[in-house]
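Asker: For reference, the chains in residue letters:
There are 2 protein chains.
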Amino acid sequence: MTNGLIRSLLTTENPFNSTDEVVAWIERRNREVVVQVDEVPFAELKGWHFDEATGNLVHDSGKFFSIVGIDVRTNTGCEQRWTQPIINQPEVGYLGIICKEFDGILYFLLQAKIEPGNVNCVQLSPTLQATRSNYTQVHGGKKPAYLEYFQNATPDQIILDQLQSEQGARFLRKRNRNIIIRVDDDIEVGEDFRWLTLGQIKALMCRDNTVNMDTRTVLSGLRLEGDGDSHWASYLFASEKTKTGVMTLDEILHHLSELKSRYELTLEKIPLKDVKDWSATPTEIVHKDRRFFRILGVNVTISNREVARWCQPIVQPLQEGLCVLFVKRIGGVLHFLLQAKVECGNFDVVEFAPTIQCLTGDFRQSPNPPTFVREFLEGGIKGKVLFDTKQSEEGGRFYHEQNRNVIMLLDDDVEMGIPENFMWLTLGQIKEFLRFNNYLNIQVRSLISAINYV
Amino acid sequence: MTNGLIRSLLTTENPFNSTDEVVAWIERRNREVVVQVDEVPFAELKGWHFDEATGNLVHDSGKFFSIVGIDVRTNTGCEQRWTQPIINQPEVGYLGIICKEFDGILYFLLQAKIEPGNVNCVQLSPTLQATRSNYTQVHGGKKPAYLEYFQNATPDQIILDQLQSEQGARFLRKRNRNIIIRVDDDIEVGEDFRWLTLGQIKALMCRDNTVNMDTRTVLSGLRLEGDGDSHWASYLFASEKTKTGVMTLDEILHHLSELKSRYELTLEKIPLKDVKDWSATPTEIVHKDRRFFRILGVNVTISNREVARWCQPIVQPLQEGLCVLFVKRIGGVLHFLLQAKVECGNFDVVEFAPTIQCLTGDFRQSPNPPTFVREFLEGGIKGKVLFDTKQSEEGGRFYHEQNRNVIMLLDDDVEMGIPENFMWLTLGQIKEFLRFNNYLNIQVRSLISAINYV
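First to last, the protein sequences are chains A and B. So the first sequence is residues 221 to 674, counted in this note's numbering. So the second sequence is residues 221 to 674, counted in this note's numbering.
Please note that the accuracy of each hint is not assured.
Since the list can't tell identical chains apart, any single copy or any two copies may satisfy a pair.
Below, a list of computed lysine to aspartate or glutamate pairs in the DMTMM-like style, where the Cα atoms sit at most 25 angstroms apart [stated by the list, open to error]:
{"id": "1", "residue 1": "Lys480", "residue 2": "Asp376"}
{"id": "2", "residue 1": "Lys489", "residue 2": "Glu272"}
{"id": "3", "residue 1": "Lys363", "residue 2": "Glu484"}
{"id": "4", "residue 1": "Lys362", "residue 2": "Glu484"}
{"id": "5", "residue 1": "Lys283", "residue 2": "Glu299"}
{"id": "6", "residue 1": "Lys548", "residue 2": "Glu652"}
{"id": "7", "residue 1": "Lys283", "residue 2": "Glu484"}
{"id": "8", "residue 1": "Lys320", "residue 2": "Glu471"}
{"id": "9", "residue 1": "Lys320", "residue 2": "Asp470"}
{"id": "10", "residue 1": "Lys493", "residue 2": "Asp280"}
{"id": "11", "residue 1": "Lys461", "residue 2": "Glu471"}
{"id": "12", "residue 1": "Lys602", "residue 2": "Asp632"}
{"id": "13", "residue 1": "Lys480", "residue 2": "Glu368"}
{"id": "14", "residue 1": "Lys496", "residue 2": "Glu272"}
{"id": "15", "residue 1": "Lys363", "residue 2": "Asp509"}
{"id": "16", "residue 1": "Lys283", "residue 2": "Asp494"}
{"id": "17", "residue 1": "Lys489", "residue 2": "Asp280"}
{"id": "18", "residue 1": "Lys493", "residue 2": "Asp291"}
{"id": "19", "residue 1": "Lys489", "residue 2": "Asp291"}
{"id": "20", "residue 1": "Lys283", "residue 2": "Glu488"}
{"id": "21", "residue 1": "Lys496", "residue 2": "Asp323"}
{"id": "22", "residue 1": "Lys461", "residue 2": "Asp494"}
{"id": "23", "residue 1": "Lys508", "residue 2": "Asp582"}
Think of the hints as simulated: they come from the structure by calculation, not from any bench.
Kindly produce the complete structure, drawing on both the sequences and the hints.
Answerer: Okay, structure coming up:
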């Protein structure tokens with residue numbers, strides 16, 4: 221497996237379909253499929269209603285998800301107590317990718333999938349992307365394609381199987397099962413599906429809004445233990461093999477225990493009607509200063525989904541976000557600068573986030589922006605930008621949300637102090653934390669998956 | 221460090237105090253210290269009151285802990301929905317042990333500490349056992365002894381630093397910071413403190429209610445990588461070195477992801493007054509059938525605590541529990557049979573529990589007792605009992621709660637099927653899961669700490 225995976229990582233050549241053909245195919249799908257997303261007042265949001273007692277926005281079946289309130293208290297950050305609306309979806313969905321070896325190279329089966337919130341309607345999604353409501357068919361739709369491969373997978377087929385968190389500030393402790401399985405038998409490839417090498421997927425990530433968040437998070441957990449044939453790949457493979465970097469794994473765990481003990485985070489679910497400074501109008505749930513995000517109702521019609529037409533609430537951000545990951549050679553080994561960040565929906569007080577993560581406020585105007593933001597925006601940090609694209613959040617819940625994702629290799633001679641909650645980790649250490657749950661947030665996983673080896 | 225630790229594990233000889241002297245010392249402390257625990261009606265529970273709106277039993281300061289209600293739903297087990305009272309203490313306390321090497325052997329500084337709920341009033345506790353309320357001195361008492369050693373510890377002093385869960389059925393997602401630090405400087409030994417070898421502590425665990433739960437959980441995480449000088453120790457060290465047993469670590473993680481996805485657990489905090497089938501009388505909070513546990517108010521007077529006199533609610537179990545850990549040589553390597561168990565206060569749906577864990581019902585009378593209970597009680601499983609004592613739960617919250625703890629080495633030729641949520645793990649795998657948070661529950665940690673090498 222390992223050899224097939226590493227060859228897949230290092231090649232963008234593909235006899236099934238070249239990268240250009242994949243791009244053309246996505247563009248064609250975008251033209252062919254009819255997608256209509258209309259904003260509708262909540263009163264016309266079929267299947268949904270505001271619960272009388274709580275004011276929560278809920279589905280008539282009591283399933284899917286709901287919009288509820290939370291009351292958050294913490295002892296860190298500028299805001300130490302607030303209430304806000306949040307998406308409540310207490311179920312674990314599947315984000316699954318099937319892969320298969322052809323001629324010694326591992327290929328990943330991705331789907332050109334439309335989500336109502338996507339900026340580019342069609343993006344490359346995992347083979348299977350299904351909430352529990354989907355795969356238990358609460359909404360009466362078709363059974364998701366390829367579901368049975370995951371349900372019947374034997375332990376020797378599993379390449380990766382992790383429960384990973386979703387957006388902590390928008391989802392109340394939501395997680396998905398990130399799973400990759402290997403299939404040896406022949407498998408039918410549906411018209412919306414294509415076999416791609418890992419190198420191709422990473423090349424496609426360099427295009428704005430092309431590879432969806434779910435694909436990115438699933439692929440981030442792959443352990444890539446190879447030997448480099450280029451200078452850059454050799455550095456990455458060496459970092460992956462390094463389990464002790466600037467800090468040992470035990471020192472990192474100790475420091476996380478310290479931070480998790482010192483930082484308090486308590487969160488109470490409250491009725492949506494008790495959320496302060498936010499109001500539900502006939503058309504939106506919005507903060508009094510129109511900050512952060514708004515929740516609206518949409519009527520969706522898509523022609524190649526399990527269900528062609530439905531209504532749902534969706535979350536629209538009110539600013540564009542910025543996620544930056546700093547990389548630096550320290551002692552000759554590549555290290556990544558992560559911050560242990562408190563986010564209200566986190567399972568465990570803090571999770572590792574990118575060096576810079578600005579998603580919920582206007583960081584450009586802030587008199588007191590987060591660490592490194594000003595230096596980064598003003599070009600005050602010397603280095604080379606390896607990756608700089610706009611990536612979408614999950615289009616099933618987020619409307620036209622795209623964030624700028626940057627990976628920057630700092631010059632070797634850059635010296636900088638870091639706050640107490642920042643740590644330099646090797647790729648090997650990052651992958652070890654990914655094996656266990658709830659250590660790296662979805663934004664940093666997205667950036668890790670974007671690291672290109674060629 | 222490792223050599224000093226392994227020598228400490230394998231010796232019960234101690235120039236400071238022999239094991240007999242320690243036993244005599246605990247007995248003497250038990251006689252000397254005046255402890256009075258009187259049950260009082262809630263109306264006389266000074267500093268505490270029932271909140272008017274919620275019916276929750278709370279401290280007047282809003283700090284310490286409170287008794288609240290939870291509404292639990294799951295799709296596994298015989299009860300799939302229930303409400304119950306639970307202890308809410310959303311803060312991370314310290315359970316810390318200082319150790320120091322003398323003549324090449326590591327010694328652990330334990331305290332003869334009285335807790336109001338202890339069966340034997342005095343038990344051997346960690347050097348430091350402090351809730352955040354304690355060490356931030358909310359109650360205005362003395363600063364806990366040795367606190368500054370932990371607050372000022374440098375990374376190279378840390379032997380272990382883990383956030384581990386408390387009793388999942390009684391505490392709402394409570395965790396403590398389990399920490400062991402090594403000190404090289406001279407250190408004053410208070411009159412309630414003694415230096416003990418790990419071998420001595422394990423020998424003392426073979427006595428009923430002598431080593432408290434907090435000491436047991438802290439010590440359970442120690443990695444013990446040695447070479448045995450006895451047949452039995454060699455087997456244990458070999459199991460600790462074995463990272464791949466019947467299952468690989470990835471297979472165990474995969475199976476846990478599967479179970480965490482399939483088993484649902486949702487838990488809502490509710491007002492205590494909305495808990496069904498339980499009622500608060502003037503003297504107790506109790507289930508209508510007097511099952512599970514009751515909560516009462518006590519007036520405590522102890523002469524060697526930070527505060528000599530206080531009132532508090534305390535939880536009294538209404539039956540004695542049973543925890544059993546099966547051990548078996550498989551392929552020549554010792555494996556431990558753990559069950560992935562759903563408990564309502566768990567952070568992450570399931571945690572590993574002992575082979576048998578019966579704490580919340582009368583398992584002897586049950587027509588349908590949990591797996592292996594009947595066979596075990598009727599002697600239907602062939603093997604050798606290595607450990608069989610009564611151990612107390614934490615005496616600060618639990619009143620006279622003692623559970624039978626058993627470790628049983630199954631005969632090599634015992635063949636048995638196991639339910640889907642049971643797995644055989646090596647000691648090496650168990651220790652790997654202990655490094656990360658929330659994988660092993662407090663009952664199994666207690667049993668792991670009791671494994672004796674001599």
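Asker: Within a copy, between copies, both or neither: which one fits Lys489 and Glu272 at a CA-CA cutoff of 25 angstroms?
Answerer: both (17 angstroms within a copy, 20 angstroms between copies)
Asker: How would you label the pair Lys283, Glu299 (within, between, both, or neither) given a Cα cut-off of 25 angstroms?
Answerer: The answer is between: 21 angstroms across copies meets 25 angstroms, while 33 angstroms in one copy does not.
Asker: For the identical chains here, do Lys496 and Asp323 meet the 25 angstroms Cα criterion within one copy, between copies, both, or neither?
Answerer: Classified as neither; 60 angstroms inside a copy, 63 angstroms across copies.
Asker: Give the relationship of Lys320 and Asp470 under a CA distance limit of 25 angstroms: within one copy only, between copies only, both, or neither.
Answerer: Result: close only across copies, 20 angstroms inter versus 36 angstroms intra.
Asker: At most 25 angstroms between CA atoms: does that hold for Lys493 and Asp291 within a copy, between copies, both, or neither?
Answerer: Both, since 12 angstroms and 21 angstroms are each at most 25 angstroms.
Asker: Check Lys480 against Glu368 for me: Cα-Cα at most 25 angstroms, and say if that holds within a copy, between copies, both or neither.
Answerer: Answer is between: at 19 angstroms across copies they meet the 25 angstroms cutoff, but 39 angstroms inside does not.
Asker: At most 25 angstroms between C-alpha atoms: does Lys548 with Glu652 qualify within a copy, between copies, both, or neither?
Answerer: For Lys548 and Glu652, the Cα distance is within 25 angstroms only inside one copy (19 angstroms; across copies 29 angstroms).
Asker: Between the shortest in-copy and the shortest cross-copy C-alpha distance, which are at most 25 angstroms for Lys602 and Asp632: within, between, both, or neither?
Answerer: within (9 angstroms within a copy, 64 angstroms between copies)
Asker: Go through the copies and call it for Lys489 and Asp291: within, between, both or neither, with a Cα cutoff of 25 angstroms.
Answerer: Both. Shortest intra-copy (6 angstroms) and inter-copy (13 angstroms) distances satisfy the 25 angstroms Cα cut-off.
Asker: Is it within a copy, between copies, both, or neither that the alpha carbon of Lys283 lies no farther than 25 angstroms from that of Glu484?
Answerer: Cα proximity of Lys283 and Glu484: across copies only (14 angstroms, versus 31 angstroms in one copy).
Asker: Check Lys493 against Asp280 for me: Cα-Cα at most 25 angstroms, and say if that holds within a copy, between copies, both or neither.
Answerer: Within one copy, since 18 angstroms is at most 25 angstroms while 28 angstroms is not.
Asker: Can you give me the call for Lys508 and Asp582, within, between, both or neither, at a CA distance of at most 25 angstroms?
Answerer: Close inside one copy (16 angstroms), not across copies (55 angstroms); limit 25 angstroms.
In this structure, the hints that do not hold are numbers 15, 21 and 22, in rising order.
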